[in-house]
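J.: Letter by letter, the chains look like this.
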Amino acid sequence: MELYELTAHELRDLIRSRKISCVELTRSVLDRIDRIDSKIGSYITVCADKAIERSKEVQAKIDRGEAKSPLAGIPMALKDNICTEGILTTCASKMLYNFIPPYSATVAKKLYSEDTILLGKLNMDEFAMGSSTENSYFKKTRNPWDVDRVPGGSSGGSAASVIAGEAVFALGSDTGGSIRQPASFCGVVGMKPTYGAVSRFGLVAFASSLDQIGPLTKDVTDCALVLNAITGHDPMDSTSADIDYPDYTKALVNDIKGMKIGIPREYIGEGINEEVKKAVLDAVEVLRKLGAECEEFSLPITEYAIPAYYLISSAEASSNLARYDGIKYGYRAEKFTDLLDLYMQTRSEGFGPEVKRRIMLGTYALSSGYYDAYYKKALQVRTLIRNGFDEAFSRYDLIVGPTAPTTAYKIGEKINNPLEMYLGDIYTVSVNIAGLPGLVIPCGTDSNNLPVGLQLIGKPFDESTLLRVGYTFEQNTEFHKNRPRI
Amino acid sequence: MDYEIVIGLEIHAELSTKSKIYCSCTTEFGGEPNTHCCPICTGMPGVLPVLNKKVVEYAVRAGLATNCTIPEFSKQDRKNYFYPDLPKAYQTSQYDLPLCKNGYVDIEVGGTSKRIGITRIHIEEDAGKLMHDEWDTASLVDYNRCGVPLIEIVTEPDMRSAEEARVFLEKIKAILQYIGVSDCKMQEGSLRADINLSVRPKGQKEFGTRTEMKNLNSFKAIVRAIESEARRQINEIESGEVIVQETRRWDDNKGISYAMRNKEEAHDYRYFPEPDLVPIVVDREWLEQIRASLPELPDARKKRYIEEFGLPEYDASILTGSKALADFFEEAVSKSKNAKAVSNWMMGDLMRLLKDRDMEAEDIPFPAEYLAKLISLIDKGTISGTIAKKVFEKMFDTKKDPEAIVKEEGLEVVSDESTLRAVVRKVLENNAQSVADYKGGKEKAFGFLVGQAMKETKGKADPKLINKLLREELEN
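Protein chains in written order, with the numbering used here: chain P, 1 to 486; chain S, 487 to 962.
This is chain P alone, in the form it adopts within the complex (with noise of 0.2 Å):
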């Protein structure tokens, strides 16, 4: 096997044992991005130059015995909404299109400090708006499994690179499902942490009370390592959970036998793709005969998640997005009359389709006479949902089902379809609503040989066990180890 396609802590062996060097690892994935990605599309921004000298400080570090993260000497990536001292942030968006960000978030920091070494951006959804990585201002990125197919989104970049061996690992974001469904249709394992977990400073910001960064990797080890180099209280993010984290390696335990397992009967009910469906039952079926027990049971009020979903997040997003004004910095339109008219230019050219849908449908949402009938229900509903979910935690120790209603679908497939791209949200936006953290497996293929992924919804601040439910199911399957051809 090639270094590329190793995951973080094969090649974490092969550098302590110095069988390799960082440098000569960074390279080989340089070399991966090189060849692969005017196919694969994953980057916006690759930063070869730099990340060969890291790579040479990092092993010298190393040689020293001074590099004590597992993390130390692998080469990621991160999607392109997490700013990046230095280094062009453009969120995808022809409105950043020059933003080179004079500070790094907090996430970016803490994988520097644990000597990681950054190869690049990653494409995205514009403003991570979107299901496919088709609304990136830049490019499209082709699902690597099938490259007439997206990838998923809005990480569709840090997914595809993951799988491609474009990069060993990468963050993504997650405000409906971001990170859980690209894994899904790219076959790759992600993380949305427990809202508060990872610090959202320097997150360029969608949603705020929906937003998180989380991991994409290949397998759940992987995951789990990530995981302990990001999470952490942040006294620069008021909403960052100041608890004790726990050491997630501690979860990788290959035994669930006991463990309740809750199925939702919404979740593979209509609308789910068969193929998807059985997958997804099969994946359970090996649950079960590793020793938990699993049951369906009803989770109320699924169908109100989605349009609560897409009132709260458009709604703080058009106030998010209005700092993008041509004023201060990133996209100004050429030509304006006035005060007015520049901001109404700008903003015009600088946002794409979705964007500027989200933007209206959030602005007439918060707007004086429609306040009460959608924005404070969609908070009423929110309630009603984290409800439901902590009755079921009284019962269940986990929550498993599909991540998507179906596998990767064509490019151009839906992009003109608005809403049957939203319907594609169902099984991950409640997750988002109610806070909880997420964890995406891969579980099997369809007939066209596409991953299918498996989602386990946890209790709050419990990411352990879903990372050992998810590590005792891939020590018992191959899926995990499935790499496409490109």
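Keep in mind the hints are simulated off the structure, nothing from the lab.
These numbers were taken from a predicted model, which means no experiment stands behind them.
There may be inaccurate statements among the hints.
Residues from chain P that face chain S, not an exhaustive set, calculated with beta carbons under 10 Å [claimed, not checked]:
#1 294
#2 298
#3 345
#4 366
#5 367
#6 373
#7 375
#8 479
Glycine included, each C-beta is placed from N, C-alpha and C at the ideal position.
Position chain S relative to chain P; hints supplied.
T.: What follows is chain S alone, placed relative to chain P:
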């Protein structure tokens, strides 16, 4: 017809915390443009606010000092609108759950006391400043003020005249200064007031339609704007027009206001809870600590000045109407023990000089100790009252110790009898007519002769001794 004016105020005061409300930038006034800011207060992508706890403490102090209720939970909301001085395109403020509510302040106008209700006090961030280039079509933005913490104090429509509004505002200013939460400098914009005003025929219960007036930069402007707006509204009504609910901008140079926008054009601010911040919890123990740390407030001080120092009520209310004056008074009294004299000097010469030199009470140029020294020079008979007035003015302008001024300029009272007898004799010689008048029974002439003798000694003579010597010399 007789009309009644109904006024409510919205007062913005900048809090004097060292750092801004959501970042660690300085709040200092007057830096080079865009030197007191960072990615957070300029709203760069991805940054997050962290609430400065001092801001909550200062606002709670203001609430307690104005008799407000402080709820245990309050939250912050976003007020959305586009303007270049607002880099995030929303102002983080408070909407339905303010930090303080339902308070009051008592004022005194024309000898009667009146209670003005405080609806609410909330915290919010200030915006930057636009600078319009006079020579170019471009405007520049200075973000230094972005994120400077403000409190907004909203009153009930309880005021009925410009004078009541002015006195109320003076009182709020004094209170905020007493509790040390704002320096309240109107000229630097750290205290600003918007006026909500309506008129109604006397006796009518319902309020008239109100207008909101902005851009009031001084107490004088506030009084003028209220009088002008009340007149305008009454004229409109008298000529059969209907008052339109609108926002007006006061032009103090021209002495008139202009309509800025009416209700239909009013912004829809799309308030919603700020998701980047968590609810504010003022725990009860902390609240009591803040309450216990409040200093003596103007009303209590005034009462004490009347009881302890025997000051007239008017003097006591002037002296306690400004923290700077009250502090100066107390320091001078602690050194001089002659409270009455300290009060008289402050109410008279000090106030006059401040007004002449266009200065505020905060700007008194010499230490209170000097006033105590000056009073003691008079009490000991070292200088006369007339000389003291000159020394006071010199002290005000040069900041010199009064003892030094007296010594340097040789202003001590002359009480050497033989020196003064010589002066008196000289005066009698030179004013034969007045002497004759006196002897002819005109008592007035005696006063004139005293004046001449004082003049001869440049006011330094001990007046009692001059009197005595004149009588003696005239009797002889």
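J.: Could you run down the list of hints and mark each one as holding or not?
T.: So, going through the hints one by one against the coordinates:
1. 294: violated, 36 Å
2. 298: violated, 30 Å
3. 345: Since chain S brings no Cβ nearer than about 13 Å to residue 345 of chain P, farther than 10 Å, the hint is violated.
4. 366: holds, 4 Å
5. 367: holds, 6 Å
6. 373: violated, 14 Å
7. 375: holds, 6 Å
8. 479: Constraint on residue 479 of chain P not satisfied, violated at 35 Å.
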